[in-house]
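Given the coordinates of chain A, work out where chain B should sit on it, guided by the hints.
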Amino acid sequence: GNSVTQMEGPVTLSEEAFLTINCTYTATGYPSLFWYVQYPGEGLQLLLKATKADDKGSNKGFEATYRKETTSFHLEKGSVQVSDSAVYFCALRRALEQGAQKLVFGQGTRLTINP
Amino acid sequence: DTGVSQDPRHKITKRGQNVTFRCDPISEHNRLYWYRQTLGQGPEFLTYFQNEAQLEKSRLLSDRFSAERPKGSFSTLEIQRTEQGDSAMYLCASSLTGLDWKTQYFGPGTRLLVL
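Chains A and B are the protein sequences, given in the same order.
So the first sequence is residues 364 to 478, counted in the numbering used here.
So the second sequence is residues 8 to 122, counted in the numbering used here.
If we strip away everything but chain A, and leave its shape as in the complex, we get (with noise of 0.2 Å):
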């Protein structure tokens, strides 16, 4: 079946120091891989996404490529603020066919940056 494994947290990290947050993923034929953050307090909200093999999402100087030699999407960022205190979510969406609208949530990375 489709699965989504995260790196598991939580994670914490002085302001400035490189982030980085495993994804890795199982799931037949090419689906589509998102990560999502959740503010305390807020729902989800997408922060990158990317739609085939080799893509770079990038957003607010988070960055994600997808390797499908490696079934990965792992996220980073070059210097982390303490706003960037969240949850992380990992997710991939299947290829479009019968019944592959749902999104598929690893467990999701909490991180903490300390100023």
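Hints in this document: simulated from the structure, not taken from any laboratory.
Quick reminder that beta carbons are idealized off the backbone N, C-alpha and C, glycines included.
Hints are not guaranteed to be accurate.
Listed next, the stretches of chain A that the computed footprint assigns to chain B, with coverage defined by at least 3 CB atoms under 8 Å from CB atoms of chain B [said to hold, decoys possible]:
1. 407 to 421
2. 469 to 476
Pair ranges (Cβ atoms, derived) [claimed, not checked]:
3. A:E405 with B:E85: 24 to 32 Å
4. A:T375 with B:K78: 45 to 53 Å
5. B:G10 with A:E439: 23 to 31 Å
6. A:T389 with B:S34: 32 to 40 Å
Listed next, the in silico DSBU-like pairs over lysine-lysine satisfying Cα-Cα at most 35 Å (straight line) [as the list claims (entries may be wrong)]:
7. B:K64 with A:K415
8. A:K431 with B:K64
9. A:K423 with A:K440
10. B:K18 with B:K64
11. A:K415 with A:K440
12. B:K78 with B:K18
13. A:K415 with A:K431
14. A:K440 with A:K419
15. B:K64 with B:K21
16. A:K431 with A:K419
17. B:K18 with A:K423
18. A:K419 with B:K64
Then chain B, alone, in the frame of chain A:
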């Protein structure tokens, strides 16, 4: 465009009572999704509508759960005879068909606590 809205934001109920949640999608979004998120986990897909048609339901959606989207706009999710295991955040999302059909936009969620 005010985004996806959900009502209520919080609900506390006693075991055995019925509850109903409402979701208003982004206007003109013809696809609407319900997910459930338990503490420390990623969201899990419950059901999906295209316009007023309910096209897919998860096995998580027991007989006590029913969802409707009568006019293809807002949707309701009803839980009958609530159980303590129903305590969770219930998330609604919507999306378009067309160029950006792969992106689901989430509401803030309804947090349910069953005592």
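Do the hints match the structure? See the list:
no., hint, result
1, 407 to 421, "holds (count 5)"
2, 469 to 476, "holds (count 3)"
3, A:E405 with B:E85: 24 to 32 Å, "holds (25 Å)"
4, A:T375 with B:K78: 45 to 53 Å, "holds (47 Å)"
5, B:G10 with A:E439: 23 to 31 Å, "holds (28 Å)"
6, A:T389 with B:S34: 32 to 40 Å, "holds (36 Å)"
7, B:K64 with A:K415, "holds (27 Å)"
8, A:K431 with B:K64, "holds (29 Å)"
9, A:K423 with A:K440, "holds (9 Å)"
10, B:K18 with B:K64, "holds (24 Å)"
11, A:K415 with A:K440, "holds (21 Å)"
12, B:K78 with B:K18, "holds (25 Å)"
13, A:K415 with A:K431, "holds (9 Å)"
14, A:K440 with A:K419, "holds (13 Å)"
15, B:K64 with B:K21, "holds (26 Å)"
16, A:K431 with A:K419, "holds (12 Å)"
17, B:K18 with A:K423, "holds (34 Å)"
18, A:K419 with B:K64, "holds (32 Å)"
The structure is consistent with each of the numbered hints, conforming to all of them.
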